[in-house]
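Protein chains in written order, with the numbering used here: chain A, 1 to 538; chain B, 1 to 538; chain C, 1 to 279; chain D, 1 to 279.
Misleading hints may appear alongside valid ones.
Unchecked claim - Calculated pairs, BS3-like style, for lysine-lysine (alpha carbon to alpha carbon, straight line, at most 30 Å):
| # | chain 1 | residue 1 | chain 2 | residue 2 |
| --- | --- | --- | --- | --- |
| 1 | C | K234 | C | K179 |
| 2 | A | K387 | D | K5 |
| 3 | C | K273 | B | K60 |
| 4 | B | K150 | C | K279 |
| 5 | A | K436 | A | K409 |
| 6 | A | K387 | D | K254 |
| 7 | A | K150 | D | K279 |
| 8 | A | K441 | A | K536 |
| 9 | D | K279 | A | K139 |
| 10 | B | K412 | A | K81 |
| 11 | A | K387 | D | K238 |
| 12 | A | K505 | B | K483 |
| 13 | C | K135 | C | K179 |
| 14 | C | K249 | D | K238 |
| 15 | B | K59 | C | K273 |
| 16 | B | K168 | B | K436 |
| 17 | B | K136 | C | K272 |
FYI, nobody ran anything at the bench for these hints, they're computed from the structure.
In case you want the letters, here they are:
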Amino acid sequence: MIQDYSILIGGAAGQGSRKAGLIIAKLFSNFGYRIFIYDDYQSLIRGGHNFSHIRASAKKILSHRRKIDFLLALDKNTLEKHRNDLDKKGIVVDLPIKTITKKAGGMPIMENTALIAGFAKMMGIDWETLEKVLKKEFKKLQSLNLKVAKAAFEKTSNLFKLKKLNQKVLPLVTGNQALALGAVKAGLDFYFAYPMTPATGILHYLAAHQEDFNLGVAQLENEIGLVNAAIGAAYSGARAMVGTSGGGFALMVEALSLAAQSETPLVVVESQRPGPATGVPTYTAQGDLLFALTAGHGDIVRFVIAPGDAEEAFFWSGKILNLAWQYQTPSILLIDKEISESTFSFNETVLAEVQYEKPLIWDKNGQYQRYQDTKNGISPLAFPGQKGIITKATGYEHDEFGLTVEEEKKVKKMQDKRLRKFKEMEKAVEELPAVKVYGNKNAKKAIVAWGSTKGPAKEAAEKLGIKMIQPVILQPFPEKQFKKALKGVEKLVLVETNALGQLGKILAGFGFQVNTKILKYNGRPFLPEEIEEGLKHG
Amino acid sequence: MIQDYSILIGGAAGQGSRKAGLIIAKLFSNFGYRIFIYDDYQSLIRGGHNFSHIRASAKKILSHRRKIDFLLALDKNTLEKHRNDLDKKGIVVDLPIKTITKKAGGMPIMENTALIAGFAKMMGIDWETLEKVLKKEFKKLQSLNLKVAKAAFEKTSNLFKLKKLNQKVLPLVTGNQALALGAVKAGLDFYFAYPMTPATGILHYLAAHQEDFNLGVAQLENEIGLVNAAIGAAYSGARAMVGTSGGGFALMVEALSLAAQSETPLVVVESQRPGPATGVPTYTAQGDLLFALTAGHGDIVRFVIAPGDAEEAFFWSGKILNLAWQYQTPSILLIDKEISESTFSFNETVLAEVQYEKPLIWDKNGQYQRYQDTKNGISPLAFPGQKGIITKATGYEHDEFGLTVEEEKKVKKMQDKRLRKFKEMEKAVEELPAVKVYGNKNAKKAIVAWGSTKGPAKEAAEKLGIKMIQPVILQPFPEKQFKKALKGVEKLVLVETNALGQLGKILAGFGFQVNTKILKYNGRPFLPEEIEEGLKHG
Amino acid sequence: MVNPKITWCPGCGNFGILTALKQAVAFLVKKGVLKEEFVVVAGIGCHAKIVDYLNLNSFYSLHGRPIATAEGVKLANPNLKVIVCAGDGDAYNEGISHLIHAAKRNIDITVLVHNNRSFALTTGQFTATSPFGFKGKSSPEGSVEEAFNPLKLMLAAKATFIARGYSAKPNHLRNLIIKGIQHQGFSFIDVLEPCLAFFNTLQTYNEKVYQVEERDLTSEKEALRKIEEWEYGKNDAKIPIGVFYKIQKPVYEKQLLGNLIPAKRKKEVDLKKALEELK
Amino acid sequence: MVNPKITWCPGCGNFGILTALKQAVAFLVKKGVLKEEFVVVAGIGCHAKIVDYLNLNSFYSLHGRPIATAEGVKLANPNLKVIVCAGDGDAYNEGISHLIHAAKRNIDITVLVHNNRSFALTTGQFTATSPFGFKGKSSPEGSVEEAFNPLKLMLAAKATFIARGYSAKPNHLRNLIIKGIQHQGFSFIDVLEPCLAFFNTLQTYNEKVYQVEERDLTSEKEALRKIEEWEYGKNDAKIPIGVFYKIQKPVYEKQLLGNLIPAKRKKEVDLKKALEELK
Ligand SMILES: Cc1ncc(C[n+]2csc(CCOP(=O)(O)OP(=O)(O)O)c2C)c(N)n1
Ligand SMILES: Cc1ncc(C[n+]2csc(CCOP(=O)(O)OP(=O)(O)O)c2C)c(N)n1
Ligand code: SF4
Ligand code: SF4
Ligand SMILES: [Mg+2]
Ligand SMILES: [Mg+2]
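Take these sequences, add in the hints, and give me the full structure.
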């Protein structure tokens with residue numbers, strides 16, 4: 001039997017169930033397991049009900065399943081809400097954590113430490129591993145936490161002997177952290193943001209590592225201010241990125257259009273949550289796809305890329321930053337809460353796949369013209385501050401030098417230049433792994449899913465022996481690769497977490513018809529089981 | 001031979017060529033002619049080159065043509081720029097207006113009056129008609145203007161005898177005025193705006209008629225402020241509309257999403273100009289179509305309607321205001337500079353087709369619930385200020401009463417309610433004249449064009465004896481009507497003023513493939529000739 | 001019907017504001033105002049949850065936009081009593097343009113800023129009134145921006161009623177809110193509130209806050225003196241609360257609309273004259 | 001290479017500003033600043049055309065956003081001398097949030113507001129500094145909003161350099177611009193300029209404008225006194241021009257970035273440590 005454990009730990013906000021979940025995951029990770037954590041929390045700071053669903057498996061996994069093997073409750077509420085999902089053989093880990101913590105002289109907030117320690121003992125995780133992880137996680141009040149842990153560890157009896165797997169221990173990385181790292185690897189110079197769930201983690205992570213990574217991080221007055229600042233920074237030569245969710249993204253679209261007209265590189269991370277408007281701010285959805293694909297007034301082609309797990313977030317975040325600079329274009333990394341805030345075992349081999357790629361820099365011959373009318377539509381870059389170079393960027397239609405034009409021929413000329421560039425972008429996409437295929441590659445039935453739905457869809461497809469197709473680049477759409485991926489497919493099932501079947505509409509525009517849709521729009525990600533069931537019925 | 005005159009009058013900004021053009025048009029209009037005026041001006045206040053191309057025809061016309069019959073120049077530049085477009089039989093109306101004006105004691109700005117009067121005499125327009133029109137148009141310095149006119153009228157010799165047509169004299173209305181009137185007819189209570197070409201005319205017109213129409217008109221600090229104010233006003237029960245162009249519209253999309261989630265009626269007039277960004281601000285384009293169709297984060301269906309002339313602007317502006325209120329939804333009236341600022345003979349019979357249509361108002365039974373979960377998804381409206389009613393609107397996902405929810409079932413329930421409403425909107429569209437057909441209805445070749453391109457496309461189709469199909473409602477897309485319109489068509493030619501063929505992409509999403517595209521994107525509208533030529537080659 | 005479950009942290013300053021606002025409304029209802037004429041407009045943040053806890057007409061708007069929404073509510077029906085519950089993030093960061101212009105045009109609404117001097121709901125980042133050196137997750141080494149003084153900005157923006165309250169003094173705050181609502185024109189009340197989770201200022205405020213004598217309310221000089229007694233971000237001085245400034249000026253909606261109530265106007269308009277003009 | 005054809009109306013105030021700015025830059029270049037280190041960022045409006053007439057690095061941004069763009073330009077490379085040419089519509093209406101926050105954080109850029117007290121390029125509507133009763137096409141019966149005093153707002157927002165210039169006094173203005181650029185921190189210069197087409201204030205300004213004595217520049221009180229001498233929208237008083245306020249405070253970019261120049265940093269970063277943390 002494959003080793004595949006599901007642990008749910010829950011409590012009220014403020015009780016530290018999320019942190020506890022991460023520690024449990026690290027324990028398993030230190031035993032060589034591959035991890036996925038789904039964090040479910042409400043839009044409140046204390047009280048309510050939060051939980052983490054940790055899945056630890058011998059194989060790589062990208063989603064949680066419905067069933068629970070171990071239920072760990074920091075409050076009664078957790079027991080009531082999740083008992084029904086307990087597996088037949090599932091266990092409620094019910095330890096006298098209050099008493100243990102008190103007796104050990106701990107504070108109430110340390111009850112989660114007691115619970116973790118007791119659970120570790122129960123599972124057969126050794127004290128040394130536990131101690132190592134706890135030491136890393138609790139920098140504050142460390143000895144007291146360890147004392148409480150020790151007490152719980154001793155009080156609890158061992159039930160299982162968790163198998164130590166002969167696999168490399170991988171870091172546990174959220175999608176937000178992964179994409180931050182990917183951008184840094186590709187030469188990110190400046191990150192601008194305004195807090196907005198679920199993108200806030202990027203800001204927090206980069207702010208905490210500003211010195212390590214030696215880059216600029218600024219929180220400005222609002223999204224409009226910061227996206228325009230990012231454009232200004234790029235004009236000065238800094239690789240800038242901004243991050244937000246749907247509402248903040250909406251405020252950025254005028255600037256996106258400015259980036260298109262002025263041909264300024266810009267990467268916007270749009271991490272979706274259920275809308276419209278404020279919607280359900282701490283949950284997940286893929287409902288901003290159509291919006292992202294057409295955001296900004298005027299004739300614009302932008303890169304829109306939707307990675308489906310942490311490694312892809314790393315890779316594509318680096319890639320999109322390079323692409324934005326090579327093609328001098330606004331670009332959108334489109335993820336959602338499920339990618340941003342879920343935690344994944346992260347295979348470090350992907351590190352080598354991202355580098356800083358040099359954009360087209362002016363060779364200093366002749367007079368510099370910011371919008372030189374080149375054959376492929378890409379004009380060499382130059383930045384202010386260098387003797388002999390005057391660089392004029394503009395949001396007006398312009399001539400090669402960057403001066404305003406209104407005459408019909410001149411207007412058309414620059415639009416034609418941009419059209420040629422769009423063609424190059426299309427070509428670039430077909431050179432990249434823009435469409436991925438998983439599962440049974442010869443199956444006649446295929447799922448098509450994007451972004452975070454990749455995880456459960458892939459798992460379902462593999463289980464059912466069908467094909468799973470994931471378009472990763474969504475604009476310019478990789479038509480050829482997608483057509484290739486469809487070879488042999490007779491029935492195509494669309495799976496996404498929105499109400500309108502948005503990817504389906506895009507596919508239709510390229511002549512690809514889906515036969516059935518499985519849509520979910522209650523703020524929660526798909527579980528593999530739900531897709532399996534949907535496929536059986538559909 | 002059909003009576004069809006083209007007159008071009010031009011000068012530097014500040015010389016009053018636009019006003020002169022309108023007066024000339026009114027002279028012809030008073031003789032029973034149907035008018036179209038294309039106004040071409042640059043983004044500056046004095047100097048440069050502005051011109052008006054007035055076309056006066058016995059038949060209704062919706063665009064100007066290339067050739068010029070009479071060229072009237074207020075400066076040399078005008079002569080130089082347009083002489084080439086003069087018809088073989090064309091005439092340069094070269095009068096000694098400087099001398100005449102000076103001699104008559106007029107001011108330099110009155111040279112245009114002299115030119116008009118001389119031209120009137122030349123054409124055989126009687127002094128009485130001229131005097132009547134001038135009196136209406138010059139409230140300031142009237143007698144001096146008349147004196148100058150009289151002098152020029154007497155100095156010039158008559159060349160033609162313009163035929164007086166036995167047709168009703170129609171008002172000359174810009175698209176902006178027409179849509180303002182349509183909205184007023186449908187019960188507009190409040191117009192909010194911030195100046196932005198080419199939508200500013202709506203603000204100016206309504207501000208000037210605030211008393212006549214007895215409504216609220218406010219210019220607020222910026223687009224974000226005013227669109228949110230419009231939503232607040234609608235919540236209070238006032239039919240609110242806002243108007244802007246692409247850049248301002250971009251700033252409104254977050255609020256559009258709020259209108260969708262809170263189910264607040266909102267009409268946004270988006271009058272396009274060439275983008276991206278500031279682009280070519282006083283010219284025209286249809287490049288914001290894709291953006292408008294998907295604006296706002298989350299799963300949203302909104303009405304997007306694109307009228308193609310002044311009468312349609314009137315009709316659909318009224319209609320969309322009624323629709324927004326019946327379906328409690330954000331809605332977009334999508335036009336462009338060519339509709340907004342061109343002048344059309346306006347057939348008043350359309351007046352009767354627009355009424356204030358009552359939305360679904362709560363019947364005061366039981367407790368009021370703003371988001372009552374009805375069968376068709378439409379919840380009765382009630383407004384604050386009435387005893388016994390508490391009405392709670394919100395941008396969060398919510399229960400029927402309007403309180404925030406996060407639980408998965410409740411989240412889905414409200415999304416389902418909105419989905420049912422979207423279905424009703426789709427039905428409503430198929431009940432309306434959402435797709436129009438012109439030209440030879442049995443032809444195998446058809447043009448498809450939308451918005452302002454209707455005018456030249458219709459004229460070209462009629463001339464060539466082919467069909468012309470105009471989808472007026474673009475979301476929800478009138479699939480059935482469009483399919484019907486396509487019956488018998490073997491070759492479909494897309495004509496629009498943008499670089500990406502945006503309508504073509506939409507059509508493809510519904511399985512309608514265009515065979516050829518004729519695209520124009522130099523900031524100028526299509527001329528019928530250009531389409532004719534394109535069709536011959538294509 | 002209201003949300004029975006309040007999800008603020010125990011001890012949160014918003015409780016005091018909720019109490020004060022409820023009492024202020026109750027007082028005015030007793031004085032004869034129709035309860036249904038109140039409309040509360042909120043932004044997004046911890047503070048904004050207040051609309052779910054009030055059995056009043058309300059609009060739960062967008063982050064940064066409650067003042068703009070409220071202006072529309074009022075303009076459409078000037079008979080309504082419109083109260084804005086904004087966060088400092090809403091009013092001083094995201095949507096400061098609306099705050100300043102609403103004050104400038106003297107529209108008759110009452111704006112309460114629940115000023116916990118942080119973005120709380122997004123887990124505690126610095127805002128425009130956080131002190132220099134504020135350690136939040138977006139500024140782990142301390143923010144490098146000084147706070148501004150929002151009351152001073154309001155004075156410069158021509159607000160006609162400027163006050164400061166404190167959430168732990170709900171009776172005093174209740175009276176401020178009543179005065180703010182009764183004031184004809186733009187009323188601004190900055191309400192200091194501790195955020196227990198991210199910026200616990202409770203003790204400092206309890207020590208420093210005092211009720212100022214409300215006199216010379218029409219003097220800008222005097223108002224400025226009081227406003228400058230305490231600079232946001234400093235911990236040295238006493239913190240005055242109370243009304244600092246109050247003058248009478250024509251209100252915007254009246255000047256713009258006269259007696260028109262847009263939401264209730266007759267819909268029929270004769271367009272003949274307008275079209276005749278265009279012939 | 002610049003646009004040879006200037007499209008401002010004859011007599012437009014922007015000519016004076018263009019002259020002054022050119023001279024200021026020329027002066028500083030003589031003093032040793034590299035010409036290519038200047039970057040001019042403009043909004044959208046008549047004023048903004050200035051970038052087409054200057055042979056300098058420039059970014060022609062969006063209406064309302066030049067200050068935000070400029071902040072990014074500066075943050076990415078703090079060695080640049082960043083000058084913003086904004087309209088009153090840009091700075092006080094559409095994008096006032098950026099103006100206030102840029103002042104607050106004391107970023108070292110110089111903002112010139114070409115204040116013709118109207119939206120000129122869109123043919124003359126009222127802005128935040130138009131007088132009450134301003135008759136434009138959006139307010140044919142006269143606008144019903146009072147003007148605010150932007151210098152007062154800037155003082156409240158903690159700008160460290162506050163001045164007023166007049167387009168018809170280009171020499172004086174040139175000196176103001178030089179001082180503004182030399183000032184380390186946020187420099188704000190409101191430049192009064194007549195708009196011949198829509199708000200011709202030439203005669204009034206010529207009569208009322210006088211050069212103030214520049215002393216006590218670090219005193220807020222003294223600054224306020226000068227600032228309040230003339231209220232925008234009134235026609236009664238003399239109009240002082242000159243530097244009103246100037247204090248020294250640490251600049252934002254230095255505090256945020258230390259010596260880092262983001263646009264020129266080394267791109268290679270070792271991620272090992274970061275990933276080790278996450279195990
Ligand atoms: C446009 C936009 N940007 C960001 C957010 C995310 N957001 C939600 S609440 C909040 C901060 C709230 O701060 P404040 O207004 O002070 O309220 P508090 O939570 O402190 O009461 C932010 C930034 C959002 N909802 N919308
Ligand atoms: C977002 C947006 N809204 C509106 C406009 C239209 N617009 C162009 S210039 C302008 C006014 C400019 O006023 P100001 O900044 O004072 O400049 P001025 O023309 O007076 O120099 C406006 C509103 C725009 N370009 N973008
Ligand atoms: S986080 Fe702060 S503001 Fe929010 S509920 Fe808790 S104490 Fe109140
Ligand atoms: S309209 Fe006014 S600001 Fe614009 S160029 Fe003419 S005078 Fe100058
Ligand atoms: Mg706050
Ligand atoms: Mg101006």
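Status of the hints after comparison with the structure:
{"no.": "1", "hint": "C:K234 with C:K179", "result": "holds, 28 Å"}
{"no.": "2", "hint": "A:K387 with D:K5", "result": "holds, 26 Å"}
{"no.": "3", "hint": "C:K273 with B:K60", "result": "holds, 23 Å"}
{"no.": "4", "hint": "B:K150 with C:K279", "result": "holds, 22 Å"}
{"no.": "5", "hint": "A:K436 with A:K409", "result": "violated, 43 Å"}
{"no.": "6", "hint": "A:K387 with D:K254", "result": "holds, 24 Å"}
{"no.": "7", "hint": "A:K150 with D:K279", "result": "holds, 22 Å"}
{"no.": "8", "hint": "A:K441 with A:K536", "result": "holds, 19 Å"}
{"no.": "9", "hint": "D:K279 with A:K139", "result": "holds, 15 Å"}
{"no.": "10", "hint": "B:K412 with A:K81", "result": "holds, 19 Å"}
{"no.": "11", "hint": "A:K387 with D:K238", "result": "violated, 45 Å"}
{"no.": "12", "hint": "A:K505 with B:K483", "result": "holds, 18 Å"}
{"no.": "13", "hint": "C:K135 with C:K179", "result": "violated, 36 Å"}
{"no.": "14", "hint": "C:K249 with D:K238", "result": "holds, 25 Å"}
{"no.": "15", "hint": "B:K59 with C:K273", "result": "holds, 26 Å"}
{"no.": "16", "hint": "B:K168 with B:K436", "result": "holds, 25 Å"}
{"no.": "17", "hint": "B:K136 with C:K272", "result": "holds, 16 Å"}
The structure shown violates the earlier hints numbered 5, 11 and 13.
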